[in-house]
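**Student:** Here is how the chains run, residue by residue.
Protein chains: 4
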Amino acid sequence: MNKTKIFYKKMKFNKPVMIVGLPGIGNVGSMVCEHIKNEIGAKKFATLYSPHFPHQAIMLKNGMLRLVNNRFYYAKNAVKHGKEKHDLIILLGDIQAMTPEGQYDINEKIVRFFKHLGGHEIYTIAGYNSAKGKAENQKVFGLTTDKKMIETLKRHGIIFGEAQGTIFGASGLIVAFGKKHMIPSACIMGETEMLDVDADAAKRVLEVLQGVLGISISMENIDHLIKATRKMMRDIEEMVKESEGGAMPAPNPENFTYIR
Amino acid sequence: MNKTKIFYKKMKFNKPVMIVGLPGIGNVGSMVCEHIKNEIGAKKFATLYSPHFPHQAIMLKNGMLRLVNNRFYYAKNAVKHGKEKHDLIILLGDIQAMTPEGQYDINEKIVRFFKHLGGHEIYTIAGYNSAKGKAENQKVFGLTTDKKMIETLKRHGIIFGEAQGTIFGASGLIVAFGKKHMIPSACIMGETEMLDVDADAAKRVLEVLQGVLGISISMENIDHLIKATRKMMRDIEEMVKESEGGAMPAPNPENFTYIR
Amino acid sequence: MNKTKIFYKKMKFNKPVMIVGLPGIGNVGSMVCEHIKNEIGAKKFATLYSPHFPHQAIMLKNGMLRLVNNRFYYAKNAVKHGKEKHDLIILLGDIQAMTPEGQYDINEKIVRFFKHLGGHEIYTIAGYNSAKGKAENQKVFGLTTDKKMIETLKRHGIIFGEAQGTIFGASGLIVAFGKKHMIPSACIMGETEMLDVDADAAKRVLEVLQGVLGISISMENIDHLIKATRKMMRDIEEMVKESEGGAMPAPNPENFTYIR
Amino acid sequence: MNKTKIFYKKMKFNKPVMIVGLPGIGNVGSMVCEHIKNEIGAKKFATLYSPHFPHQAIMLKNGMLRLVNNRFYYAKNAVKHGKEKHDLIILLGDIQAMTPEGQYDINEKIVRFFKHLGGHEIYTIAGYNSAKGKAENQKVFGLTTDKKMIETLKRHGIIFGEAQGTIFGASGLIVAFGKKHMIPSACIMGETEMLDVDADAAKRVLEVLQGVLGISISMENIDHLIKATRKMMRDIEEMVKESEGGAMPAPNPENFTYIR
Numbered sequence: 002m003n004k005t006k007i008f009y010k011k012m013k014f015n016k017p018v019m020i021v022g023l024p025g026i027g028n029v030g031s032m033v034c035e036h037i038k039n040e041i042g043a044k045k046f047a048t049l050y051s052p053h054f055p056h057q058a059i060m061l062k063n064g065m066l067r068l069v070n071n072r073f074y075y076a077k078n079a080v081k082h083g084k085e086k087h088d089l090i091i092l093l094g095d096i097q098a099m100t101p102e103g104q105y106d107i108n109e110k111i112v113r114f115f116k117h118l119g120g121h122e123i124y125t126i127a128g129y130n131s132a133k134g135k136a137e138n139q140k141v142f143g144l145t146t147d148k149k150m151i152e153t154l155k156r157h158g159i160i161f162g163e164a165q166g167t168i169f170g171a172s173g174l175i176v177a178f179g180k181k182h183m184i185p186s187a188c189i190m191g192e193t194e195m196l197d198v199d200a201d202a203a204k205r206v207l208e209v210l211q212g213v214l215g216i217s218i219s220m221e222n223i224d225h226l227i228k229a230t231r232k233m234m235r236d237i238e239e240m241v242k243e244s245e246g247g248a249m250p251a252p253n254p255e256n257f258t259y260i261r
Numbered sequence: 002m003n004k005t006k007i008f009y010k011k012m013k014f015n016k017p018v019m020i021v022g023l024p025g026i027g028n029v030g031s032m033v034c035e036h037i038k039n040e041i042g043a044k045k046f047a048t049l050y051s052p053h054f055p056h057q058a059i060m061l062k063n064g065m066l067r068l069v070n071n072r073f074y075y076a077k078n079a080v081k082h083g084k085e086k087h088d089l090i091i092l093l094g095d096i097q098a099m100t101p102e103g104q105y106d107i108n109e110k111i112v113r114f115f116k117h118l119g120g121h122e123i124y125t126i127a128g129y130n131s132a133k134g135k136a137e138n139q140k141v142f143g144l145t146t147d148k149k150m151i152e153t154l155k156r157h158g159i160i161f162g163e164a165q166g167t168i169f170g171a172s173g174l175i176v177a178f179g180k181k182h183m184i185p186s187a188c189i190m191g192e193t194e195m196l197d198v199d200a201d202a203a204k205r206v207l208e209v210l211q212g213v214l215g216i217s218i219s220m221e222n223i224d225h226l227i228k229a230t231r232k233m234m235r236d237i238e239e240m241v242k243e244s245e246g247g248a249m250p251a252p253n254p255e256n257f258t259y260i261r
Numbered sequence: 002m003n004k005t006k007i008f009y010k011k012m013k014f015n016k017p018v019m020i021v022g023l024p025g026i027g028n029v030g031s032m033v034c035e036h037i038k039n040e041i042g043a044k045k046f047a048t049l050y051s052p053h054f055p056h057q058a059i060m061l062k063n064g065m066l067r068l069v070n071n072r073f074y075y076a077k078n079a080v081k082h083g084k085e086k087h088d089l090i091i092l093l094g095d096i097q098a099m100t101p102e103g104q105y106d107i108n109e110k111i112v113r114f115f116k117h118l119g120g121h122e123i124y125t126i127a128g129y130n131s132a133k134g135k136a137e138n139q140k141v142f143g144l145t146t147d148k149k150m151i152e153t154l155k156r157h158g159i160i161f162g163e164a165q166g167t168i169f170g171a172s173g174l175i176v177a178f179g180k181k182h183m184i185p186s187a188c189i190m191g192e193t194e195m196l197d198v199d200a201d202a203a204k205r206v207l208e209v210l211q212g213v214l215g216i217s218i219s220m221e222n223i224d225h226l227i228k229a230t231r232k233m234m235r236d237i238e239e240m241v242k243e244s245e246g247g248a249m250p251a252p253n254p255e256n257f258t259y260i261r
Numbered sequence: 002m003n004k005t006k007i008f009y010k011k012m013k014f015n016k017p018v019m020i021v022g023l024p025g026i027g028n029v030g031s032m033v034c035e036h037i038k039n040e041i042g043a044k045k046f047a048t049l050y051s052p053h054f055p056h057q058a059i060m061l062k063n064g065m066l067r068l069v070n071n072r073f074y075y076a077k078n079a080v081k082h083g084k085e086k087h088d089l090i091i092l093l094g095d096i097q098a099m100t101p102e103g104q105y106d107i108n109e110k111i112v113r114f115f116k117h118l119g120g121h122e123i124y125t126i127a128g129y130n131s132a133k134g135k136a137e138n139q140k141v142f143g144l145t146t147d148k149k150m151i152e153t154l155k156r157h158g159i160i161f162g163e164a165q166g167t168i169f170g171a172s173g174l175i176v177a178f179g180k181k182h183m184i185p186s187a188c189i190m191g192e193t194e195m196l197d198v199d200a201d202a203a204k205r206v207l208e209v210l211q212g213v214l215g216i217s218i219s220m221e222n223i224d225h226l227i228k229a230t231r232k233m234m235r236d237i238e239e240m241v242k243e244s245e246g247g248a249m250p251a252p253n254p255e256n257f258t259y260i261r
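Protein chains in written order, with this note's numbering: chain F, 2 to 261; chain G, 2 to 261; chain P, 2 to 261; chain L, 2 to 261.
There could be a bad hint or two in this list.
Any copy, or any two copies together, can satisfy a pair, since identical chains are not distinguished.
Claimed, not checked - Derived pair list, reagent style DSSO-like, types lysine-lysine, alpha-carbon separation capped at 27 angstroms:
hint, residue 1, residue 2
1, LYS148, LYS13
2, LYS148, LYS45
3, LYS116, LYS6
4, LYS140, LYS77
5, LYS11, LYS148
6, LYS81, LYS116
7, LYS45, LYS149
8, LYS10, LYS232
9, LYS62, LYS180
10, LYS77, LYS232
11, LYS44, LYS140
12, LYS11, LYS232
13, LYS110, LYS140
14, LYS86, LYS149
15, LYS6, LYS148
16, LYS81, LYS6
17, LYS81, LYS4
18, LYS62, LYS148
19, LYS10, LYS149
20, LYS140, LYS62
21, LYS110, LYS181
22, LYS181, LYS10
23, LYS110, LYS204
24, LYS11, LYS155
Just so you know, these hints were derived from the structure itself, not from any lab.
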């Protein structure tokens, strides 16, 4: 297998809006998108495999294994922009590519695939690591490659023009390739001081995102997800110490819905 | 040489079953498959070379050298599934590729090649590193991409659904690509605390595997193999220390049948 | 996106001369070329993107983001060689590729593109790190792949035959590929002890370069640029410390004209 | 530039024998082949460039620069096998590729090129690092992929079957690819404890090689070469310390004939 490939069920979508939540700073994107997927019962319809992902398979609870991958879920008519309804597509994944060549390849393929589905709009969800930020004042920042989106997103409380620096990986590249393929795209970032799991940042983004998507999501179950994510991060840390660099069992990902 | 290539003698096989024992955790896979190869007198019929392997040649005892590689051996009608007989193919090797791109490329090529030979079933053999495991209770775990294999393998004492985490390299990828190419495939893992050489784990797997393959293997000579493997691992460690990172002679691989 | 690509506005150029100022030792090349671009009001007409650049997007002051890239600017008839006028093309960028494969690919593409525009002559601008150099005696060194350029450049005070060692990256590769594509090319290097920002080296090179290009550049605004560059380098350093290796916001590049 | 390329003058060769001396353990191969090139006045006729070499250009004494490369030299009828004469081809270079993919690509291209020239026989020259070896008893070892060469080479004092371990890079790969392309090939290794410059190992190999090639080489000038090589290695070491990992000038390679 020498190429990134997306295997998918052929389906018709209604001007779909995609949200992207891949592993990254504070696990903000993963937690937000996993929670939405769970709450609205989105169904998987496509899987992306790539030789640029680590050569790693995940052991599942039922004795099966599968390659690490990225997965597309959908929910019909879940997004409401005023009176207009859109299908929602959610991109989740175990991992991002580690090399620039892999990142450029995979992220453009994601945008092309979404365009091929009639893609209407993309929001990547990320953490924004602010070394000086204080928790009580943390904000939700936005970045875009389509000027017209700024005013709309500002109305939902997303701040433009204050975030500084660079973004690594899918959250930035997908928004950049969105422009190349003429799909309005923005990145929504929850400010955080934590690199592993920031529950509060995830909640702040979720609140804002409900407005943006015209969607209503219960926050009840999110604490379970946050706890599970935190436990998983601690487990990984401990095992890395114990194994002293050798190969090691990761905590069972099936315990953690967000990387199922 | 820019591509992975398999050079092979043209032969007809009878619904062959492949076992894969490449270097990895505890050297479990290598030792198990090398021992079976020796005991049943399997013959080499194919060699895989790849630019994704380290740029390294092995000095042989007779003054010859050869590139590091992976090798396919066969034994006619060695496998008995009830009354039905199958040819056995054994994959051994000096090394695995170090990059994801190399691993994806080589492991799918291995599966395609086996399919081209009329491949019937694949078992990859590996170690499963359990940080908390106690030697006396160590088990043999299984993972598969074909649900139907679980019941059969359970009957031979292989435990499904308890192993957690991720598998690196060929043991996982070959089983995953097995599914893609519709060849029933499973990974059989001996639990171990040791990263280098675990003789007991190898023996436990061998016992189980005899049942799975309907094969009878003497354990007499395995202790020699285990001793040789241990000595080789110690030698490598010492030399790495002495050479302080410079180039260095490895212990003579010809002393160790499993990487001949 | 699997290939390096240059997007450009179709334009006719008059025997253009290109100067190249990409990030490198002492930021000499970047500062010199950015200052010339600002002073003569050169306009952007082409952008180079590459999967060999880091998978990184830059957050702009206006809430927009863009991929890291290299950019071509032009100024009509800005170069005077005696009575003859030439268009000036200036290459600036956020970054260079980190792998040999990326560097060879991108730098030859740059030379091919310039040749396609009717390219006449190339000067790459760089720092030359002299461990034993004393600031007051620091010089401007030259290197070329076209013997005929040596005498002319010597007349402008550039010293040939004293610089020793190797050059990494674009400054050397572009001059080497210049020879392959038959475009007279030279590298002009300001001697420096500093690896981050050497304002004096940049000024010394600017003075010499005015003679080479037959151009007159005010030095008034350069101190602002130098201060901004220094501040940016300090900011980056601090944040790297604070973030302890995690992802982090870089200082806003929009504050620094040279990586706009 | 995305591919390894050899630029060469078209010439007819008489069943040429190639010796290969690229940078490696103890600089044995480089010193031996450089010395032979100098003593018999071999002329350059081909140059190999590759994007798998470091992205580095070398500053020459005359103010010119050139990319790092590998170079082929020839001397007509320099080799005497009994009564038969052969042209001698010498491969020298600044560097070897650092990745497996690069090494496999370049080394097979070298063998193919030599085959295209009517190649008759290849000897790669290397150091063999023996951690336990004592200087006074150090030997010259041989390895081959053509059994028939062993007896002949033994007669010249080369020892087969004692060297153990693995060889990295061109010295091993070229001999392996020699077999693939049906050119008798062997590696001749001078035992050494030193990783940088071992003059005695080089001399021992030179003596043996004179017999193998039926060639007579004065040892007078070799001490100069050895001193220069040692000085260069020390200079590099010092500068690496001083520059603390930053970019740096290397010692002028033009002072050292073997990387001219």
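**Student:** If any of the earlier hints don't hold here, list their numbers in rising order.
**Tutor:** 1, 4, 8, 10, 11, 12, 13, 16, 17, 23, 24
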